[in-house]
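Residue numbers (the UniProt record's numbering), protein chains in the order written: chain A, 1 to 116; chain B, 1 to 357.
Just so you know, these hints were derived from the structure itself, not from any lab.
Just to be clear, a hint being listed does not mean it is correct.
Derived DSS-like pairs: lysine-lysine, alpha-carbon spacing no greater than 27 Å straight-line [said to hold, decoys possible]:
# : chain 1 : residue 1 : chain 2 : residue 2
1 : B       : K105      : B       : K204
2 : B       : K225      : A       : K28
3 : B       : K224      : A       : K28
4 : B       : K321      : B       : K138
5 : A       : K102      : B       : K224
6 : B       : K138      : A       : K102
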Amino acid sequence: MSSAATVSLNVEFSGGLELLFSNQRSHKLSVPALVLKTYGDTSGSSETKPADITFLIHYLRDNLLKERVELFMEGATVRPGILVLVNDTDWELEGEGEYVLKEGDEIVFISTLHGG
Amino acid sequence: MPPRTCGLCATNRAMLKRPKTGQQICRDCFFYVFETEVHNTITQSNLFKPGDRVAIGASGGKDSTVLAYVMKTLNERYQYGLDLFLLSIDEGITGYRDDSLETVKRNQQQYSMPLKILSYDELYGWTMDAIVSQVGKKNNCTFCGVFRRQALDRGAAMLGVDHIVTGHNADDIAETVLMNIMRGDIARLGRCTSICTQGEDTIKRSKPFKYAYEKEIVMYAYFKKLDYFSTECIYSPDAYRGHARVFLKDLEAARPSAIIDIIHSGEAFEIREDVKATQKVQQTCKRCGYMSSNDLCKACTLLEGLERGMANSGITDRARKKLDAESPAPENLRTIPFYQPPSSGEAAIAVETAASS
Chain A
1 MSSAATVSLN VEFSGGLELL FSNQRSHKLS VPALVLKTYG DTSGSSETKP
51 ADITFLIHYL RDNLLKERVE LFMEGATVRP GILVLVNDTD WELEGEGEYV
101 LKEGDEIVFI STLHGG
Chain B
1 MPPRTCGLCA TNRAMLKRPK TGQQICRDCF FYVFETEVHN TITQSNLFKP
51 GDRVAIGASG GKDSTVLAYV MKTLNERYQY GLDLFLLSID EGITGYRDDS
101 LETVKRNQQQ YSMPLKILSY DELYGWTMDA IVSQVGKKNN CTFCGVFRRQ
151 ALDRGAAMLG VDHIVTGHNA DDIAETVLMN IMRGDIARLG RCTSICTQGE
201 DTIKRSKPFK YAYEKEIVMY AYFKKLDYFS TECIYSPDAY RGHARVFLKD
251 LEAARPSAII DIIHSGEAFE IREDVKATQK VQQTCKRCGY MSSNDLCKAC
301 TLLEGLERGM ANSGITDRAR KKLDAESPAP ENLRTIPFYQ PPSSGEAAIA
351 VETAASS
């Protein structure tokens, strides 16, 4: 696999999270298949890893998030109370942040924090 | 990772990890266990009897939308023999409640249940938009909370129902337990975990989702593709509850059983009789007939403050005394229509049914 390869994904936001992403629920995007292990920090290391959900969360923060990062992330992951589904399966069954993204994956983020 | 099979049917692929038990289960087993647990909650607490008229407090949000769907499903599956209604309160918040009520109107069609919408404007003569323009964003949740509680009872009386069910879930109840501990409100702590509350004059209220995790409610709505509305109220949210909520979600992330454990702690507290007794004796409001622990109920006090341009009078005792000292309420003061507790049986008003709209 060359380092220029990409993975295309369908990313969806719902439960109110879409409001942080231009009020758009569905986003098609391509991300690099191999990414720096230290993506998001400035340690300067050049070690790479296959793109996983932890990378995707940071990538979304840096590229698509429009406002109020604290409503999306806490530490290096999503804020507690946000559900993540990988092709309709709870990410807790898929290794959570360590799940390696595959071509055509659908990743859904749902906030449970919005009241009625 | 290889796909895991469902821990219940051992056939299908697991799609969800249950926060309560850690069990990994498939979509169909999830529907079955979620619905069955709600059914067990209902039957173990003897919430209903055949022929009951039950209003579902419906906001268009996830909890009440799932509750309406599950109540309809269980009523048919287990032949509860209930007449189900949707009851919505329109607080008059432009860009928030007007949109969520559109969701409730669609639910009315989808579930073919009669719907009653009662607005603050028709009941109190004030929308929340108008209240916020007078009192600002700081205390408006006090008005909204007091007005909603009474509006739900009055809407239920108009529908002639015996019972209101609300979508409060396990996370909401655990939050309330924490808040009552943090505020030292021990009398409320003793009451807040009850599945069902009923005062002498009030309509019975219960919470069939008392043990249902928010995560499962949201997953249920997602898998069933239920139509719900999710936007934060545009006016200041209840900040104190917000802190309790974030704290609870952090606990849940570390240990998912925390929510049910906190509810259990709340239930297990034994409240001393003299602490319980601090709750004042209930009477009826001299102005509107609604139950109250003072001469005037909280809603009448708040409304009088609004009408006289002294909105803080309902919020602090000091401002209330000042209002009383200045002058008695003027004769032509706008008041809330006199409350007629339900005599059970028929609806006092015609309700819109799915067929007629």
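task: Identify every previously stated hint that the structure contradicts and give their numbers, smallest first.
output: As far as the earlier hints go, only 6 is violated by this structure.
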